[in-house]
Amino acid sequence: MIGDILVAPFRLVGLLLSGVFKGIYGHPWRTAFSIGGCVGGVLLVLLAMTFNFFPVVSIQRGFRGVGMLVQYNPRSVAREAGYQQIIAAYPPVQPAGVPAEIAYKNIQVLKGVDANEFLRLMATMANWLQPSVGCAFCHSAVNMAEDRVYTKTVARKMIEMTRYINTNWRAHVGAGGVVCNTCHRGAAVPGSIWFMTPPPGGRHNFAQTQSGENSPSTVAGLTALPNDPFTPFLLNAAPIRDQGTTALPDGNRMSTEQTNWTYSLMIHFAQSLGVSCNYCHNTRAFGEWDQSTPKRLVAWTAIEMVRDINRGYMVPLTDVFPVASRGPIGDVPKINCGTCHAGAYKPFYGASTLAAYPELEGSPDTPAHERVSVGGQRQAAIGQPSPHAAIDATPAAATSTAAGNTAVADTR
Amino acid sequence: MYFGFVVAVLVVWLWLAGGSLYAWRRQGLRSSLAVLTGLTWTGIAGLVLLFVGPYWHAVYQILGQPG
Amino acid sequence: MNGWIKGAVGIACAGVLATAGMVIADAGAITVVPEQRPGHGPTGYVQPSAEILARGKYLTDMGDCVGCHKAEGGIPYAGGQYMGMPFGALSVPNITPDVDTGIGNWSDADFLKLMHHGITKGGQYIYPAMPYIWYATVSDEDTLAIKAYLFSLKPVYAPRPPSKIWFPFNLRPVLALYDAAFVPTEKFKPDPHLTAEQNHGAWIVNGLEHCGECHNNRNFLGNGALAAKVEGGPITLWYALNLHNNKVDGIGSWSDDEVAQWLHDGASEHMGTVAGPMAETIEYSLSKMSPADLHAMVAYLRTYPAEPGYTERAGISPGTRAAGQTVYLAHCAMCHQVDGRGVANKIPALDGNGMVRAYGPQSATRVILGGLEAHGSYAMMPGVGTAMTDQEISDVTNYIRQAWSNRAPANATRFLVYYLRGDTKTLLNGLRPDGCPPVENDTLKAALADESNGIAALLQQTALPNMLQNVNAIIPKLHAAAPSLQQADIVNGLTQAYCPIAYADKSVQPDKHVWLMTHFSERLYVQLSNNGTY
Chain A
1 MIGDILVAPF RLVGLLLSGV FKGIYGHPWR TAFSIGGCVG GVLLVLLAMT FNFFPVVSIQ
61 RGFRGVGMLV QYNPRSVARE AGYQQIIAAY PPVQPAGVPA EIAYKNIQVL KGVDANEFLR
121 LMATMANWLQ PSVGCAFCHS AVNMAEDRVY TKTVARKMIE MTRYINTNWR AHVGAGGVVC
181 NTCHRGAAVP GSIWFMTPPP GGRHNFAQTQ SGENSPSTVA GLTALPNDPF TPFLLNAAPI
241 RDQGTTALPD GNRMSTEQTN WTYSLMIHFA QSLGVSCNYC HNTRAFGEWD QSTPKRLVAW
301 TAIEMVRDIN RGYMVPLTDV FPVASRGPIG DVPKINCGTC HAGAYKPFYG ASTLAAYPEL
361 EGSPDTPAHE RVSVGGQRQA AIGQPSPHAA IDATPAAATS TAAGNTAVAD TR
Chain B
1 MYFGFVVAVL VVWLWLAGGS LYAWRRQGLR SSLAVLTGLT WTGIAGLVLL FVGPYWHAVY
61 QILGQPG
Chain C
1 MNGWIKGAVG IACAGVLATA GMVIADAGAI TVVPEQRPGH GPTGYVQPSA EILARGKYLT
61 DMGDCVGCHK AEGGIPYAGG QYMGMPFGAL SVPNITPDVD TGIGNWSDAD FLKLMHHGIT
121 KGGQYIYPAM PYIWYATVSD EDTLAIKAYL FSLKPVYAPR PPSKIWFPFN LRPVLALYDA
181 AFVPTEKFKP DPHLTAEQNH GAWIVNGLEH CGECHNNRNF LGNGALAAKV EGGPITLWYA
241 LNLHNNKVDG IGSWSDDEVA QWLHDGASEH MGTVAGPMAE TIEYSLSKMS PADLHAMVAY
301 LRTYPAEPGY TERAGISPGT RAAGQTVYLA HCAMCHQVDG RGVANKIPAL DGNGMVRAYG
361 PQSATRVILG GLEAHGSYAM MPGVGTAMTD QEISDVTNYI RQAWSNRAPA NATRFLVYYL
421 RGDTKTLLNG LRPDGCPPVE NDTLKAALAD ESNGIAALLQ QTALPNMLQN VNAIIPKLHA
481 AAPSLQQADI VNGLTQAYCP IAYADKSVQP DKHVWLMTHF SERLYVQLSN NGTY
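Residue numbers (the working numbering), protein chains in the order written: chain A, 1 to 412; chain B, 1 to 67; chain C, 1 to 534.
Note that these hints are calculated values from the structure, not bench results. Fair warning: this is a prediction, and the values are worked out from it, not measured in the lab. It is possible that part of the hints are untrue.
Pair by pair, the computed Cβ-Cβ distance ranges are [as the list claims (entries may be wrong)]:
(1) A:Thr153 / C:His270: 25 to 35 angstroms
(2) A:Ala175 / C:Glu269: 31 to 41 angstroms
(3) A:Phe51 / C:Trp166: 47 to 57 angstroms
(4) C:Ala322 / A:Thr50: 24 to 34 angstroms
(5) C:Gln509 / A:Thr50: 29 to 39 angstroms
(6) A:Arg79 / C:His270: 42 to 52 angstroms
(7) A:Lys105 / C:Pro318: 34 to 44 angstroms
(8) A:Arg79 / C:Gly73: 35 to 45 angstroms
(9) C:Gln509 / A:Thr153: 23 to 33 angstroms
When the alpha-carbon atoms are kept at most 27 angstroms apart in a straight line, the in silico DSS-like pairs for lysine-lysine are as follows [unchecked claim]:
(10) C:Lys288 / C:Lys346
(11) A:Lys105 / C:Lys346
(12) C:Lys229 / C:Lys247
(13) A:Lys105 / C:Lys121
(14) C:Lys164 / C:Lys121
(15) C:Lys229 / C:Lys189
Ideal Cβ placement from N, Cα and C applies to all residues, glycine included.
Sequences and hints are given; from them, build the entire structure.
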């Protein structure tokens, strides 16, 4: 009797289920239809949820009538706008009259900056980087001058990098330039960084390739394209190439793999900037420079710039970062488009506080850094051949993005 | 959370109540009785939840937290 | 049902009640502004001898009466605060000798009945939040010395606010069952197997100091055994440490002298700094005790069997370890160092830290959430948890509990962090419901009120860009104005004073005001501990 009472709820569930399905079991086609209908309905709802619903805003980016429109969804833009709030600059301070290296010990990079202005920058950096930890994020709480904490070494290099970008890469960053907060936005680690993706190795499934195809990742927009478009283009100087424009292989030696890689990078561009292809390209002919928008040149400069600073400033820091902060194959965190852009066509929609911090502007005589041998560095770091050896560029190819390949017609 | 508990119990209870009605109409009083037993149990559980729910802080502090 | 079962059920019910009553949360205490003004003492009061008064004061401090019977910002012993409990809030009565609202018209017998049996003059059973089950073993003579001291205080008119305890937990007569089961009827007797020093320690630990009130793990019946077992357990949403003599989570790793010194200062080289309710216990009680008594307590604690709270083993998923390590490197490693060793006498080590190695992760989590004030030569810690998600905090808590030589169970959960976050509202994480607290230290308050030294004006002008200059200017002025102030007093006190200024700074984003305040605190600490040099 007790057992009956306890199992009563289970019996009831069975009873209900059998009642529900009783009508269906008797009719085979109904069974198929009802199950298929349920599954289809769920899929339909899931699909509908990925749509951008009206109203959306269209911005014209080319001649009228040629479809050069960029669509923005005001609801998602409003969400992203919260992340594009610039931190206002601190009010100016009275100069102390002495440079920082005289007022304080162990000043290596910010030499010549007024001592009070130096403190203002330090205070600002605390807010830009990791406000909850504050000065202690880089400085030893025991002695501010000593270099015990690795983040201080990194910060020095990053200040040099900021100056270098503001001096040598105005072609990309424009008059607004960059400051620490352009990428960091109040976080120790910027929102978008990248590491080399190890190849799938022996455990990859049958469709995956050594180049990371068919391993869907958000980097490539969950497509079948290679999941690491950064190593070839933003660290190495592999040519960004597409298929030929002629039916027969008329001098164009580019492979499908390279096309895939290129498209993967382009998806990253679009995602990082919150734009579609026609922000830079005329979709009539993607490759034609004379039909593209001027933005394409800015974007091309960006590739050169990011590669330059990844090689010149991030890779040399590899040994400074603790092992746990490095990537799966021991490489340093690196920069891509999203690091600064964070989903906007311009970081902070073009707003800048660089003018309030002249010490970050740099000067034309900023010493040029030494370029490192990237392939050699990485092989030393991971002790095995590069996963991308097949497309690793020769030194000559470093400048070949613009060089004569008829297929892409780089005629800028 | 409390609200969620109460709703969950209510849903189960209504479900069983529906089942009871169904069983009574289809298979007579005998099956209905078994279901009614289930109703009683879930009803008791629901009442307990209803009254213990507001004390969930105490229950968590005394029984739930580590140590 | 026979009478025996009835009794057992009754005791069980009373135990649940009592457990609830003792899960007191001081951090979540509801602060009220109590009405407190001079009152009337009993007529015909005769001052007892200075010897009795001195003895009474020492015993009163040992009993930590003021730890509870003082509202924040109120007069000591006048009560008036609420102690938060899961079942409502218990108000704390006034124990100054005021005849209207205090204990001014209590006879010696009334006082003894309360201290030894938990029954007030009016015949009401009191909640075991008052540790009368520990006081019950103290002799009548010592108890009356405490009464003599309390009666020598200035009477304060402070009516007791009504307690807000929910039905059915407000049925006080049920507590008689609890008392019958747990309140000892015999006074303290020395154990012949122990030395004189250990027996003296036992008298303190199991008597007035009532260590077991927090450090005994509470079973479902509240407080099953009276004799202190001090194996540690959750208390007031913190975790009281295991005091057994083992090296896993007890006091076995540290020398007698260091433990005694820690009990006195709340900070020592290997044991780190105190946090949570123990900080008050040290401030009000242990720091006022003689070194001999502190050593006796340690000697007695060493006599317990060295049972660890858990078996040490590696038990953390690789994913949690990696996630926790990432958080650790981003938020913690700069001060506590990648190897968890901290910085000697400035930043406590996390490797081997008692609070980190405790069986329960509550204390470590709460410090991450709420920060920690400066103690002795140790720095303040900002409430970094405010800038972290529940998942990040639980990951990093589990990571530090399993990193280096620590092998505590990785039992912090996201829900626990969520739950503790709701209860952790400190100055250093900027979540206090009443905003900025007043400056506690009277010497510092006087120095700030004196306009001639210019400290308050400098403080008023301090913002992030000129923080270092102003801190460097304030420190020598403060040293001149109030030479008696210790480093930790300056750091904690000036942080309280700077709090309203930081929150009024318009150049900082609203959610960053708290960090402006902690930057100031940090700057102050570094400049003080390095004598202002760079």
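Satisfaction of hint between lysine 121 (chain C) and lysine 164 (chain C), Cα-Cα up to 27 angstroms: holds, 21 angstroms
Pairwise hint evaluation, lysine 121 (chain C) against lysine 105 (chain A), where the allowed Cα distance is 27 angstroms at most: Given that 27 angstroms is the threshold and the Cα spacing comes to 69 angstroms, the pair is violated.
Straight-line alpha-carbon gap lysine 229 (chain C) to lysine 189 (chain C), limit 27 angstroms: With Cα atoms ~17 angstroms apart, lysine 229 (chain C) and lysine 189 (chain C) stay inside 27 angstroms; holds.
Whether the CB-CB distance between alanine 322 (chain C) and threonine 50 (chain A) falls inside 24 to 34 angstroms: Because 31 angstroms falls inside the window, the suggested range holds.
Assessment of proposed distance window 34 to 44 angstroms (beta carbons of lysine 105 (chain A), proline 318 (chain C)): Because 42 angstroms falls inside the window, the suggested range holds.
Restraint status (C-alpha distance of lysine 288 (chain C) to lysine 346 (chain C) at most 27 angstroms): It holds: about 24 angstroms lies between the C-alpha atoms, which stays within 27 angstroms.
Pairwise beta carbon distance, threonine 153 (chain A) to histidine 270 (chain C), judged against the given window 25 to 35 angstroms: holds, 30 angstroms
Range hint 35 to 45 angstroms (beta carbons of arginine 79 (chain A) and glycine 73 (chain C)) holds or violated: Once the Cβ atoms are compared, 44 angstroms apart, the range 35 to 45 angstroms for glycine 73 (chain C) and arginine 79 (chain A) holds.
Pair hint lysine 105 (chain A) and lysine 346 (chain C), alpha-carbon separation not exceeding 27 angstroms: holds, 21 angstroms
Whether the CB-CB distance between arginine 79 (chain A) and histidine 270 (chain C) falls inside 42 to 52 angstroms: holds, 50 angstroms
Verdict for glutamine 509 (chain C), threonine 153 (chain A) (Cβ pair) under range 23 to 33 angstroms: holds, 29 angstroms
Satisfaction of hint between lysine 247 (chain C) and lysine 229 (chain C), Cα-Cα up to 27 angstroms: At roughly 17 angstroms apart (the allowed maximum being 27 angstroms), lysine 247 (chain C) and lysine 229 (chain C) satisfy the hint.
Hints 2, 13, counting from the list given before, are not met by this structure.
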